[in-house]
Amino acid sequence: MTTSTDRPDPEATTLALSRDGRPVSDRGDTVCVIGAGASGLAAMKNLKEHGFGVDCYERETGVGGAWNWRHDRSPVYASTHLISSRPFTQFPDFPMPDSWPDYPHHSQLLAYFERYADHFDLRSHIWFGTEVIRVEPVEGDGWDVTTRSTGGYGPERTSRYAAVVVANGHNWSPKLPGYPGLEEFRGEVMHASSYKDPAQLRGKRVLVVGAGNTGCDIAVEAAQQASHCWHSTRRGYWYAPKYVLGRPADQVNDTLLALRVPLRMRQWLYHSTLRLTVGDLTRFGLPAPDHRVYETHPIANSQLVYHVGHGAITPVPEVAGFNPYGVQLTDGRQIEPELVVFATGYLPRFDFLDPKVLGDDSGTGRPNLWLNAFAPGHPTLAVVGLLQPDSGLFPLAHWQAVLFARLLQARRSRPDRAAAFAATAQARAGERYSGPVKESTRHWFEVGHVDYLRAVQRALDSLEGK
Numbered sequence: 001m002t003t004s005t006d007r008p009d010p011e012a013t014t015l016a017l018s019r020d021g022r023p024v025s026d027r028g029d030t031v032c033v034i035g036a037g038a039s040g041l042a043a044m045k046n047l048k049e050h051g052f053g054v055d056c057y058e059r060e061t062g063v064g065g066a067w068n069w070r071h072d073r074s075p076v077y078a079s080t081h082l083i084s085s086r087p088f089t090q091f092p093d094f095p096m097p098d099s100w101p102d103y104p105h106h107s108q109l110l111a112y113f114e115r116y117a118d119h120f121d122l123r124s125h126i127w128f129g130t131e132v133i134r135v136e137p138v139e140g141d142g143w144d145v146t147t148r149s150t151g152g153y154g155p156e157r158t159s160r161y162a163a164v165v166v167a168n169g170h171n172w173s174p175k176l177p178g179y180p181g182l183e184e185f186r187g188e189v190m191h192a193s194s195y196k197d198p199a200q201l202r203g204k205r206v207l208v209v210g211a212g213n214t215g216c217d218i219a220v221e222a223a224q225q226a227s228h229c230w231h232s233t234r235r236g237y238w239y240a241p242k243y244v245l246g247r248p249a250d251q252v253n254d255t256l257l258a259l260r261v262p263l264r265m266r267q268w269l270y271h272s273t274l275r276l277t278v279g280d281l282t283r284f285g286l287p288a289p290d291h292r293v294y295e296t297h298p299i300a301n302s303q304l305v306y307h308v309g310h311g312a313i314t315p316v317p318e319v320a321g322f323n324p325y326g327v328q329l330t331d332g333r334q335i336e337p338e339l340v341v342f343a344t345g346y347l348p349r350f351d352f353l354d355p356k357v358l359g360d361d362s363g364t365g366r367p368n369l370w371l372n373a374f375a376p377g378h379p380t381l382a383v384v385g386l387l388q389p390d391s392g393l394f395p396l397a398h399w400q401a402v403l404f405a406r407l408l409q410a411r412r413s414r415p416d417r418a419a420a421f422a423a424t425a426q427a428r429a430g431e432r433y434s435g436p437v438k439e440s441t442r443h444w445f446e447v448g449h450v451d452y453l454r455a456v457q458r459a460l461d462s463l464e465g466k
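For the record, in the sequence shown the residue sitting at position 400 is 400 according to this note's numbering, with numbers rising by one throughout.
Hint data in this document are derived by calculation from the structure and do not stem from the laboratory.
Errors might be hidden in some of the hints.
Stated by the list, open to error - Just the calculated beta-carbon pair ranges, DEER-fashion:
| no. | residue 1 | residue 2 | range |
| --- | --- | --- | --- |
| 1 | 290 | 333 | 18 to 24 angstroms |
| 2 | 423 | 263 | 28 to 34 angstroms |
| 3 | 423 | 275 | 30 to 36 angstroms |
| 4 | 114 | 87 | 17 to 23 angstroms |
| 5 | 290 | 118 | 17 to 23 angstroms |
| 6 | 102 | 361 | 40 to 46 angstroms |
| 7 | 267 | 186 | 44 to 50 angstroms |
| 8 | 275 | 414 | 52 to 58 angstroms |
| 9 | 415 | 114 | 36 to 42 angstroms |
| 10 | 330 | 190 | 19 to 25 angstroms |
| 11 | 333 | 243 | 31 to 37 angstroms |
| 12 | 426 | 247 | 41 to 47 angstroms |
C-beta: ideal position from N, C-alpha, C; glycine also.
Kindly generate the complete structure, drawing on both the sequences and the hints.
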């Protein structure tokens, strides 16, 4: 286990007591970061640069979070690549190599995070193989953080921190649908989180349920490996090519945003481009979208329509139910897959926190935060990376971390501005930073990256008196 270089000897630490009488190791002004994935690393780096001590707890044995395929909770599979292009994914102060492709492979992303951790000397502040089991607010805006070795081995230990950053990710807890008769189905069933290699599909009749980016990727691989592939979707979607006019699609879209082209005009341009290239998708058997483009998270896949057009993928409607030997569809058809892959997404989980701390008073699992980061009533708590942007996530996580570090500084030097920031978080929790989007768990954290970064900049300006 690696520990922070400035961590005091536990035996010499002045002990406080928790509310239930447990001994607590007081870490003074140190900030606790939960998770050493992309968002946790960005939080550590920026807190360090702003002069704060940092302890990070990571349940796995290495950095990288979801992008480290060795981790039990990683959703990465062998062919995973970025769906946002390199310039819009890299951290603003740590560029990816120019020699890398427009859409790097997951192994390159992991190497990138390892280099980032080494460059900014972050590993010495990380407790690997340590999971956080409880985070509790205490008087004075501090936090008691209880940890233990991953898997429940060894004793629990509670440390008191001045602030906490939650960066445990939101793409690791599978969202599994319930269907009549599913428990009686005799075929193989898996969630996409368990999918790792096309060999799992080879020679089988495969049904892929779900039209997110992962579902489309798996359907494309099944088209090449399975004996037959059905792809079930609840609604029609817009399938964005990864390249437009010879450039990565997100770079073209960002140019339009920089020119402040109105949403309706961008939607018209997108529809016109599709008509000129792919045409009417309903002629392939794909359902017509029930929404305008940009009202759901874009599906960046240049190959799905190709394989549908070649007959290697059979589009089918939503699943109605299961029986021991087959799957009933909502149009009355029955199919007989050997393997069903539920690419039905993930739900956020913060098991170590009382849901009310994150504003989830009803227990739905959806935090109620300002800027998707700040919980009303808890000025020393931030969630970093809880975003589903129309571009890369890592630059947004970077600026979230910078904002939190500046907030903690303001609590020392300009308490009036920090108090105003807290009041704003209370008043504007739940604010959205996108146009109209479908109301589903997949779009809970949807943001337009330009609108979101402008909002973060305004928050930074308010702290700095601009």
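Results of checking the hints against the structure:
1. 290 / 333: 18 to 24 angstroms: The hinted range 18 to 24 angstroms holds for residue 290 and residue 333, with Cβ atoms some 21 angstroms apart.
2. 423 / 263: 28 to 34 angstroms: Given about 31 angstroms between the Cβ atoms, the range holds.
3. 423 / 275: 30 to 36 angstroms: Once the Cβ atoms are compared, 49 angstroms apart, the range 30 to 36 angstroms for residue 275 and residue 423 is violated.
4. 114 / 87: 17 to 23 angstroms: With Cβ atoms ~21 angstroms apart, the hint holds.
5. 290 / 118: 17 to 23 angstroms: The hinted range 17 to 23 angstroms is violated for residue 290 and residue 118, with Cβ atoms some 48 angstroms apart.
6. 102 / 361: 40 to 46 angstroms: holds (43 angstroms)
7. 267 / 186: 44 to 50 angstroms: Holds, since residue 267 and residue 186 (Cβ atoms, about 45 angstroms apart) stay within the stated range.
8. 275 / 414: 52 to 58 angstroms: holds (54 angstroms)
9. 415 / 114: 36 to 42 angstroms: holds (39 angstroms)
10. 330 / 190: 19 to 25 angstroms: holds (22 angstroms)
11. 333 / 243: 31 to 37 angstroms: holds (35 angstroms)
12. 426 / 247: 41 to 47 angstroms: holds (42 angstroms)
Hints 3, 5 from the list above are not met by this structure, while the remaining hints are.
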